[in-house]
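Here are the chains, one letter per residue:
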Amino acid sequence: MLVEASAPRKRVEMIVVRSKLPLLRRISQIFFLLLFVALLLFTSLRPSGRVAGDIHMRVPVRLFFEWDPLVAVANALATHALYRGLLWSLIILLPTLFLGRFFCGWICPMGTLQHFVGSLPSEAKRGKQRIESNRYKRWQTGKYVVLIAGLVAAFFGSMAIGWLDPFSLLVRSFGLALLPAFNFAVRALLAPLEHSHYTAVKTTGESLHTALQATVLDFRQAHFAQGLVLGVLFIVILWASMRVTRIWCRAICPLGALLGACSRWSILGLHKDASSCDKCNRCLLHCQGGDDPIGGAPWRKSECLMCMNCVGSCPHESLSFRLFRNEREVASPDLGRRRTLTGLAAGAAVVPLMRANTGLGKSRHERLLRPPGSLDENDFLSRCIRCGECMKVCPNNSLHPTWDEAGIEGLWTPTLVPRIGYCEPSCVLCSEVCPTGAIWQITPKEKGWVVDVGGQQSQPVRLGTAFYDRGRCLPWALATECIVCEEWCPVSPKAIYVEEAEVIDSLGNVKKLKQPRVDASRCVGCGACEYACPLQEHPAVYVTSIGESRSPASQILLNRK
Amino acid sequence: MAGNQHNPDQDVDSQPPAAGLTRREAMLQLLRVGGIAAGAAGSGVWFAQQSRRPVPVRAEQARRDHRVAAVPEWPALTVVQFPVGQDAAGKDPIAQAGEPQLLVQQALKNLGGMQRFVSRQEVVVIKPNIAWDRTPEQAANTNPELVAEVVRQCWHAGAKRVIVTDVSCNEARRCFHRSGIEAATRAAGAEVILPDPELFREVELGGVVLKSWPIFIPFLEADKIINLPIAKHHELTGATLGMKNWFGILGGQRNRLHQQIHQSLADLASFMMPTLTIMDCYRILLRNGPTGGNLEDVSLKKTVVAGTDPVALDAYVAKAYWNLDSEHLPYLQMAANRGLGTVDFDKLNVKFSQLS
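Chains A and B, in that order, give the protein sequences.
For the first sequence, my numbering assigns the number 561 to the last residue and increments by one with no breaks.
For the second sequence, my numbering assigns the number 356 to the last residue and increments by one with no breaks.
These are computed hints drawn from the structure, not numbers from a lab.
Here the structure is a predicted model, which means the values were calculated and not measured.
You may find that some hints are simply not true.
What the hints assert, rightly or not - Distance windows between CB atoms, simulated:
no. : chain 1 : residue 1 : chain 2 : residue 2 : range
1   : A       : Phe219    : B       : Lys109    : 35 to 45 angstroms
2   : B       : Ala48     : A       : Val232    : 27 to 37 angstroms
3   : A       : Ala188    : B       : Leu28     : 37 to 47 angstroms
Stated by the list, open to error - On the chain B side, residues computed to face chain A include the following (Cβ under 8 angstroms):
no. : residue
4   : Gln115
5   : His233
6   : Leu236
7   : Gln253
8   : Lys351
Every residue gets a Cβ at the ideal spot worked out from N, C-alpha and C, and that includes glycine.
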């Protein structure tokens with residue numbers, strides 16, 4: 001609420017009435033946290049049961065990424081363009097220029113989680129310690145170093161900043177670790193109920209399951225490579241913010257740093273009435289940003305999260321947020337030349353060093369199978385923010401975060417693991433949820449694995465090429481009929497063809513059977529053959545990345561149909 | 001806690017006031033410790049006695065015979081079709097909405113009506129082929145209009161529950177959705193059950209090669225089962241027909257079944273004996289089956305073949321569309337030898353109907 005105050009000395013001055021601002025903030029935080037969780041739950045295949053037809057993502061699950069100015073700025077630096085909805089980030093960036101980091105205090109779900117955890121009672125953080133820990137610390141400038149390094153890296157064509165972008169962190173941690181763990185726990189708890197001999201218990205368990213299935217449970221239990229690592233990392237961050245309030249926002253978050261730097265010129269600020277302040281420290285007790293709201297010290301604009309706790313806790317009403325105030329403050333990050341240079345140097349050194357390593361065109365990992373629609377590796381890495389949206393949405397649980405397959409630089413970027421799940425021929429959900437265009441949005445028709453009704457077949461998107469291990473394949477090595485791979489091959493004409501052969505079994509009997517072969521000119525690398533192969537732990541047919549259509553440098557055949 | 005009520009007045013001697021217990025407190029403490037010790041020992045012994053080598057859950061013995069008694073006045077096999085030749089103007093036939101529905105109606109009429117197969121208050125499970133993420137035009141799954149009409153017929157016959165389900169190969173949500181079967185049969189009032197990994201029960205199939213397999217539970221709890229396969233090309237056997245549809249009741253590692261496919265098919269057929277089989281030959285896949293995906297592989301036949309003899313049905317369709325004799329499909333003879341039907345469909349009284 002804004003109230004025009006009397007304007008002495010003709011200065012424009014407006015007071016933001018303190019009233020119930022912390023309460024409003026809490027409502028806003030809860031709303032956006034729930035929105036975030038809801039969007040994450042909808043980042044899955046949920047076709048409507050009523051009308052048949054193509055399957056598309058109907059819910060704007062990329063919303064938070066499109067609001068994220070950090071993703072937009074880095075994307076623009078790396079690609080000299082803005083992908084799809086990223087222009088929406090202006091709805092956060094522009095108000096921040098005027099109002100400061102309200103986003104961190106009022107909207108960001110990562111901030112909300114830390115805010116909540118940080119206000120839990122803790123042995124290590126009582127009264128005096130709490131006050132001390134909430135005073136501004138020089139290490140809070142760490143996030144600006146991270147930001148500078150990340151943006152310089154983006155300029156050099158690497159979106160490594162995605163490791164630390166708060167939404168990437170959240171979706172990756174929740175989508176790939178915490179939600180699957182939650183799924184497992186709920187199913188494990190429901191199972192004894194559902195298998196009970198008492199009908200009443202059984203029915204209760206089953207109806208609970210149905211209700212949860214319709215809302216929070218996944219259609220099936222998902223598993224992800226490195227789920228444990230991602231989950232533990234996130235829990236460590238939350239634990240740390242229990243010790244030091246919002247340690248992530250204060251010290252690491254590059255988005256917070258960007259918004260902090262942008263709030264330099266903001267017109268909204270903390271007004272301190274020095275005459276009525278008796279240094280009771282109550283404002284410090286609940287300060288989220290560590291921005292020195294207490295009288296006497298200059299307010300640090302770039303650190304303040306606009307949480308309004310100080311205003312609400314001041315017993316003398318000495319604090320208020322006002323527009324167009326003229327007071328002593330630290331407007332810019334207290335970075336200094338040396339730290340700025342550290343950030344610049346780190347960003348400038350890290351990408352060339354990583355690119356000087358092998359990988360990326362020199363010795364590409366044979367099993368690095370990118371999702372359909374992915375750009376060629378250099379362009380891919382200049383866009384992928386490792387958010388895990390594609391992995392979360394994949395209905396076959398096929399996409400997993402890489403460990404070293406894409407090099408150190410490509411840590412946690414997506415790769416298809418056909419043994420766990422193949423790429424569904426008409427599915428393009430990963431390309432629809434990708435916020436940055438690393439997986440460029442394609443239609444099932446553009447994917448081209450199935451000939452459309454009345455349509456001409458376009459050049460298909462290829463993920464790689466299948467090969468046989470004849471030392472393990474049943475008809476080749478064990479004189480046994482099989483060709484399940486041929487049955488599953490989704491393209492027409494099939495990329496797997498068979499040849500009738502006569503083999504001799506251990507008893508000396510002549511057996512006629514069909515031996516499979518791959519026609520590389522038809523294979524799209526979906527991995528269905530590898531998935532369906534009965535030799536599950538080490539399939540006799542497997543897909544490698546050679547021939548992937550995104551990479552002109554990775555082809556086998558002179559002429560591929 | 002102990003010794004707090006210690007009374008120094010009782011210690012008349014010069015000894016310092018030791019923190020001793022009263023007799024009552026000592027007894028209580030002994031009782032507590034003794035109780036815990038006894039509990040630990042008892043539960044330890046009990047758990048030790050429980051130690052047995054884990055054995056797999058006993059598979060249930062079951063043979064699912066859902067057949068109804070044969071009645072001489074009704075044929076065991078019927079073929080209903082629309083004309084598919086070029087019309088008077090020399091144009092090729094095109095698929096028309098409503099035709100599959102009429103085909104099913106006529107086929108059921110020829111067989112004596114759905115009332116012959118489904119009685120009041122029965123639970124009917126309908127098993128179409130919903131194996132692949134394909135549209136109806138691509139003919140990899142059973143025609144949705146056909147399935148929906150069978151659902152309606154079951155309701156007319158007074159069924160208590162009509163369930164439509166299958167254990168898909170491709171991602172089940174996509175298959176059920178894009179095949180059009182989920183939408184069409186829900187609209188007809190059926191319960192659509194998607195395969196859930198937790199809804200399988202280990203069953204002793206009693207086959208020659210198929211011993212103990214996980215079976216999707218809805219198929220075990222049905223009063224009547226109606227098989228609704230679609231006729232498609234298949235590289236290994238030449239064609240995939242009615243009996244091959246029973247792959248879709250199995251869970252587990254069913255990709256092993258190809259190793260002895262004919263024996264597996266015969267085993268499955270003698271485990272699961274349907275009330276009725278209605279084979280969708282409205283569109284059939286002539287090449288690149290069973291997945292297809294290309295309209296050039298599809299041939300419009302506008303035909304439904306239905307009956308109570310699953311062996312004759314498969315034999316008829318294999319001969320009619322792929323010119324395969326029963327020698328090419330050894331599972332047919334195996335099934336016939338087990339008394340499931342006859343491969344000599346031409347010796348049966350087959351009822352042909354031509355619609356227009």
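Do the hints match the structure? See the list:
no.: 1; hint: Phe219/A - Lys109/B: 35 to 45 angstroms; in the structure: holds (40 angstroms)
no.: 2; hint: Ala48/B - Val232/A: 27 to 37 angstroms; in the structure: holds (36 angstroms)
no.: 3; hint: Ala188/A - Leu28/B: 37 to 47 angstroms; in the structure: holds (40 angstroms)
no.: 4; hint: Gln115; in the structure: violated (30 angstroms)
no.: 5; hint: His233; in the structure: violated (11 angstroms)
no.: 6; hint: Leu236; in the structure: holds (6 angstroms)
no.: 7; hint: Gln253; in the structure: holds (7 angstroms)
no.: 8; hint: Lys351; in the structure: violated (33 angstroms)
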